[in-house]
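Line by line, the protein sequences give chains U and R.
Under UniProt numbering, the residue at position 16 of the first sequence is numbered 16, and the numbers go up by one with no gaps.
Under UniProt numbering, the residue at position 66 of the second sequence is numbered 66, and the numbers go up by one with no gaps.
Source of the hints: derived by calculation from the structure; they are not laboratory data.
Hints should not be assumed to be uniformly reliable.
Below are the SDA-like pairs computed for lysine to any residue, each with C-alpha atoms no more than 25 Å apart in a straight line [said to hold, decoys possible]:
(1) U:K146 / U:D185
(2) R:K22 / R:D125
(3) U:K392 / R:L300
(4) R:K22 / U:L387
(5) U:K392 / R:I306
(6) U:K392 / R:G236
(7) U:K360 / U:L348
(8) U:K360 / U:G210
(9) R:K319 / U:L387
(10) U:K392 / R:R232
(11) U:K360 / U:V338
(12) U:K392 / R:H247
(13) R:K319 / R:R17
(14) U:K360 / U:A25
(15) R:K319 / R:L300
(16) R:K319 / R:V171
(17) U:K392 / R:R237
(18) U:K392 / R:Q234
(19) U:K392 / R:Q243
(20) R:K319 / R:A332
(21) U:K392 / R:G304
(22) U:K392 / R:P238
(23) U:K392 / R:A244
(24) U:K360 / U:R207
(25) U:K392 / R:V226
(26) U:K392 / U:R190
(27) U:K392 / R:Q242
(28) U:K392 / R:Q301
(29) U:K146 / U:F227
(30) R:K319 / R:L19
(31) U:K392 / R:A241
(32) U:K146 / U:R207
(33) U:K392 / R:F235
(34) R:K319 / R:D138
(35) U:K392 / R:D223
(36) U:K392 / R:A305
(37) U:K392 / R:A227
Note that this is a predicted model, so its numbers are computed, not measured.
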Amino acid sequence: MDLTWSDTEEAFRAEARAWLEEALAAWRERHGGRILSGDTAEGFAQHLDWERTLAEAGWAVVSWPAEHGGRDATRWQWLVFEEEYYRAGAPARITQNGIFLLAPTVFEFGTPEQQAHVLPRMARGDDLWCQGWSEPDAGSDLASLKSRARRDDERGGWVLDGQKTWTTRGAFCTHLFGLFRTDPDSERHRGLTYLMVPLDLEGITVRGFGRLDGDEGFAEVFLDDAFVPDDAIPGGVVLGGVGAGWSVAMATTSSERGLTLRSPGRFTATADRLVALCREQEARLGPDPRRRDRVVQGWMEAEAYRLQTLQTVTDDAEGRPAGAASSLVKLWWSELDVALHETAMDLLGPDAELEGAWSKGWQFSLSGPIYAGTNEIQRNIAAERVLGLPRK
Amino acid sequence: MRFAFTDDQVALRDAVRDLLAKECPPEVVRAAWPEGPDDRGAEPGAGARSATDRSWVALADMGALGVAVPEAHGGLGLGELDWVLLAEETGYAGLPHPFVETSCVAAPLLAAAGDPGGDLPGLVDGSAVATATALGADLVPWGGDAEVVLSLLLDGEGPWTAHRVDATAAVPVASVDRARRLARLDVGGGTGLGSARDAAVAFDRGALGTAAQLVGLGRRMLDLTVAYVAERQQFGRPVGAQQAVKHHLADAAKDLHFAAPAVYGAAWSLAAGDAHGHRAVSTAKALASDAARRTGRAALQCHGAIGYTVEADLHLYLKRAEALARAWGDAAWHRDRVAWALGL
Ligand SMILES: Cc1cc2nc3c(=O)[nH]c(=O)nc-3n(C[C@H](O)[C@H](O)[C@H](O)COP(=O)(O)OP(=O)(O)OC[C@H]3O[C@@H](n4cnc5c(N)ncnc54)[C@H](O)[C@@H]3O)c2cc1C
Numbered sequence: 001m002d003l004t005w006s007d008t009e010e011a012f013r014a015e016a017r018a019w020l021e022e023a024l025a026a027w028r029e030r031h032g033g034r035i036l037s038g039d040t041a042e043g044f045a046q047h048l049d050w051e052r053t054l055a056e057a058g059w060a061v062v063s064w065p066a067e068h069g070g071r072d073a074t075r076w077q078w079l080v081f082e083e084e085y086y087r088a089g090a091p092a093r094i095t096q097n098g099i100f101l102l103a104p105t106v107f108e109f110g111t112p113e114q115q116a117h118v119l120p121r122m123a124r125g126d127d128l129w130c131q132g133w134s135e136p137d138a139g140s141d142l143a144s145l146k147s148r149a150r151r152d153d154e155r156g157g158w159v160l161d162g163q164k165t166w167t168t169r170g171a172f173c174t175h176l177f178g179l180f181r182t183d184p185d186s187e188r189h190r191g192l193t194y195l196m197v198p199l200d201l202e203g204i205t206v207r208g209f210g211r212l213d214g215d216e217g218f219a220e221v222f223l224d225d226a227f228v229p230d231d232a233i234p235g236g237v238v239l240g241g242v243g244a245g246w247s248v249a250m251a252t253t254s255s256e257r258g259l260t261l262r263s264p265g266r267f268t269a270t271a272d273r274l275v276a277l278c279r280e281q282e283a284r285l286g287p288d289p290r291r292r293d294r295v296v297q298g299w300m301e302a303e304a305y306r307l308q309t310l311q312t313v314t315d316d317a318e319g320r321p322a323g324a325a326s327s328l329v330k331l332w333w334s335e336l337d338v339a340l341h342e343t344a345m346d347l348l349g350p351d352a353e354l355e356g357a358w359s360k361g362w363q364f365s366l367s368g369p370i371y372a373g374t375n376e377i378q379r380n381i382a383a384e385r386v387l388g389l390p391r392k
Numbered sequence: 001m002r003f004a005f006t007d008d009q010v011a012l013r014d015a016v017r018d019l020l021a022k023e024c025p026p027e028v029v030r031a032a033w034p035e036g037p038d039d040r041g042a043e044p045g046a047g048a049r050s051a052t053d054r055s056w057v058a059l060a061d062m063g064a065l066g067v068a069v070p071e072a073h074g075g076l077g078l079g080e081l082d083w084v085l086l087a088e089e090t091g092y093a094g095l096p097h098p099f100v101e102t103s104c105v106a107a108p109l110l111a112a113a114g115d116p117g118g119d120l121p122g123l124v125d126g127s128a129v130a131t132a133t134a135l136g137a138d139l140v141p142w143g144g145d146a147e148v149v150l151s152l153l154l155d156g157e158g159p160w161t162a163h164r165v166d167a168t169a170a171v172p173v174a175s176v177d178r179a180r181r182l183a184r185l186d187v188g189g190g191t192g193l194g195s196a197r198d199a200a201v202a203f204d205r206g207a208l209g210t211a212a213q214l215v216g217l218g219r220r221m222l223d224l225t226v227a228y229v230a231e232r233q234q235f236g237r238p239v240g241a242q243q244a245v246k247h248h249l250a251d252a253a254k255d256l257h258f259a260a261p262a263v264y265g266a267a268w269s270l271a272a273g274d275a276h277g278h279r280a281v282s283t284a285k286a287l288a289s290d291a292a293r294r295t296g297r298a299a300l301q302c303h304g305a306i307g308y309t310v311e312a313d314l315h316l317y318l319k320r321a322e323a324l325a326r327a328w329g330d331a332a333w334h335r336d337r338v339a340w341a342l343g344l
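Extracted from the complex, chain U is given alone in its bound form (with noise of 0.2 Å):
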């Protein structure tokens, strides 16, 4: 066991911290240093232009291969690289549902055409992707899903009916990903398929709508008779095979759940930044044990987290891969999440109604319980998976 950092992996950090600092300054000054949530139309192209900043150092997507637009990073380096991400305050990334959702899926299922399209272009933020998996009626149960996609071998393609909703961002994206009933008769997890869809065709209808925060990040998507024609995309529209949709979707979740959506940098910048904040607030107002006390506790579940993740890089790197276990991870950092937002919205007192960066983290962080497979799913997964109850 070494938890050190070796000398390449602190290279690496020094030149993403000082990219990072530049970079960041500079894109802050050309939006006139105000920069906008990236979930409102104006915030979404200043965040697009950050991704293109991104993309053009090469730091979009570290961990993929250069050809795709990466930079053969290892896990080590990316762990880095979003530490250093996340210390430096850079912005949540617009486009993560595609580079940490569908790129893994792109990665283990895509044709080699389908991978040289779709990768370097979401790299560079040409293609922006949203997640197309809930439907009004069905959100826990994904496999009720009924939205359509009929097979039209005349003119070479689907056409899809139906209808997804809570699309992250939809509104401002160029494609959606998601699963379509390709078998009509089929129940369940059968006969499902997983699509790569533009948005812009003709009987697609997109409609943005206000989260809790007012932004609109979330957005309807209607299917009307919509052709999405196979050569959509180049290497075609299907991604693994029609009616192997669920299986293939199923490798995206844990994704989602796991590490790549939420790195452990994430966590310990903002315990970090809490911690600062207790300092200025008792520097202010005098010591108060009881906020110190929760305080130090989201510190030390921000570590405890950054400590599991290096464990689990370390198995998956030496082949003992985490499996189920991806359901506690996402139980912990949800709740890690809404406690370090609210411990910093008590030290605020008064001040923590104003509209602010706490005040807007707390709102999103109130999400991380349900996103991703809400975190009852999440026990009952684990409870049959980790611990093997039974399920009936």
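Here the structure of chain U is known, so what remains is to put chain R with the ligand in place on it, guided by the hints.
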């Protein structure tokens, strides 16, 4: 960066795990209670220590008691990363002996001080036991049974001091976990032992070893409960199929899943002499204390009334966990030390 134990470390752990599974099943833990029945022939009510002693001797025979003692003193000469998993296993087994106090705290501290009383051979071969208490706690586990009793004290914000105290005046007291064999004794005086740094390291080792035992105890309580709820039927199906039961146990599994790496990370910090050693140990002890306590409550709740009896085994581990959650500084004490380390 590599966060995993070596094959040798895992092999040693497995050997101890197998040994304890054989020599220290619940009946043996039970037999360590003064009134405990002893299936292996000792007289009931007499402290019934013969069966429990067997597990101690077996540990000595494989060298585990001298794990942290330099080879020059007859030990294995290993460090925190080598014994932290053994401590976890002794927790899992509910071993009714002071493994952490003897092998992880006292023995290496005595070795560092040159073994002034010539105690090490006895501690390594299992013919003697040592115990230790910290932070002025005068209720000492195994306080009347130990040949060596150490007290680790903190003067305000330091430095740490270690003393060997006289246990002849120890008064045995009845305690919740009878297998801990508590005695009350004066821990203020005695003869100094080792440097302030040795004493500080000894305290961290005690807190680390106890945190590891708590993770083991948590795992044991979870295993017992998973087995029980898969069998126990109500409403025509196993209670373990009920969501409320599943959620209690998933939460317990989650807390243990994150306390364990904190404990292992702290072991690395001590072994590597990392600058954040105290902070890492305190993080581990606080998280492990809370995780074990919450797991105990979930385990009891999911057992129902059978868990609330001395006939079910759960209470043996539940009581030990509660005792250890507060030994060597409780969660609040350790959070305070982390706060201090963070400049709060
Ligand atoms: C911020 C945010 C972003 C999102 N982004 C996307 C996106 O980009 N794309 C996308 O497809 N979806 C997205 N979602 C939707 C998300 O995946 C769903 O909200 C989630 O799967 C839960 O479904 P639901 O909202 O329909 O709740 P329901 O399934 O209706 O659940 C309601 C409540 O019942 C509980 N419940 C339901 N079933 C069970 C059960 N079997 N056992 C115990 N409890 C149960 C749930 O835990 C919850 O507490 C997003 C959600 C949020 C909050």
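Now for the hints, and whether the structure bears them out:
no.: 1; hint: U:K146 / U:D185; verdict: holds, 11 Å
no.: 2; hint: R:K22 / R:D125; verdict: holds, 20 Å
no.: 3; hint: U:K392 / R:L300; verdict: holds, 22 Å
no.: 4; hint: R:K22 / U:L387; verdict: holds, 24 Å
no.: 5; hint: U:K392 / R:I306; verdict: holds, 23 Å
no.: 6; hint: U:K392 / R:G236; verdict: holds, 10 Å
no.: 7; hint: U:K360 / U:L348; verdict: holds, 13 Å
no.: 8; hint: U:K360 / U:G210; verdict: holds, 14 Å
no.: 9; hint: R:K319 / U:L387; verdict: holds, 23 Å
no.: 10; hint: U:K392 / R:R232; verdict: holds, 13 Å
no.: 11; hint: U:K360 / U:V338; verdict: holds, 12 Å
no.: 12; hint: U:K392 / R:H247; verdict: holds, 15 Å
no.: 13; hint: R:K319 / R:R17; verdict: holds, 21 Å
no.: 14; hint: U:K360 / U:A25; verdict: holds, 22 Å
no.: 15; hint: R:K319 / R:L300; verdict: holds, 11 Å
no.: 16; hint: R:K319 / R:V171; verdict: holds, 21 Å
no.: 17; hint: U:K392 / R:R237; verdict: holds, 7 Å
no.: 18; hint: U:K392 / R:Q234; verdict: holds, 12 Å
no.: 19; hint: U:K392 / R:Q243; verdict: holds, 10 Å
no.: 20; hint: R:K319 / R:A332; verdict: holds, 19 Å
no.: 21; hint: U:K392 / R:G304; verdict: holds, 20 Å
no.: 22; hint: U:K392 / R:P238; verdict: holds, 8 Å
no.: 23; hint: U:K392 / R:A244; verdict: holds, 13 Å
no.: 24; hint: U:K360 / U:R207; verdict: holds, 23 Å
no.: 25; hint: U:K392 / R:V226; verdict: holds, 15 Å
no.: 26; hint: U:K392 / U:R190; verdict: holds, 21 Å
no.: 27; hint: U:K392 / R:Q242; verdict: holds, 8 Å
no.: 28; hint: U:K392 / R:Q301; verdict: holds, 20 Å
no.: 29; hint: U:K146 / U:F227; verdict: holds, 17 Å
no.: 30; hint: R:K319 / R:L19; verdict: holds, 23 Å
no.: 31; hint: U:K392 / R:A241; verdict: holds, 5 Å
no.: 32; hint: U:K146 / U:R207; verdict: holds, 19 Å
no.: 33; hint: U:K392 / R:F235; verdict: holds, 11 Å
no.: 34; hint: R:K319 / R:D138; verdict: holds, 19 Å
no.: 35; hint: U:K392 / R:D223; verdict: holds, 20 Å
no.: 36; hint: U:K392 / R:A305; verdict: holds, 23 Å
no.: 37; hint: U:K392 / R:A227; verdict: holds, 15 Å
Hint compliance for this structure: every hint is met.
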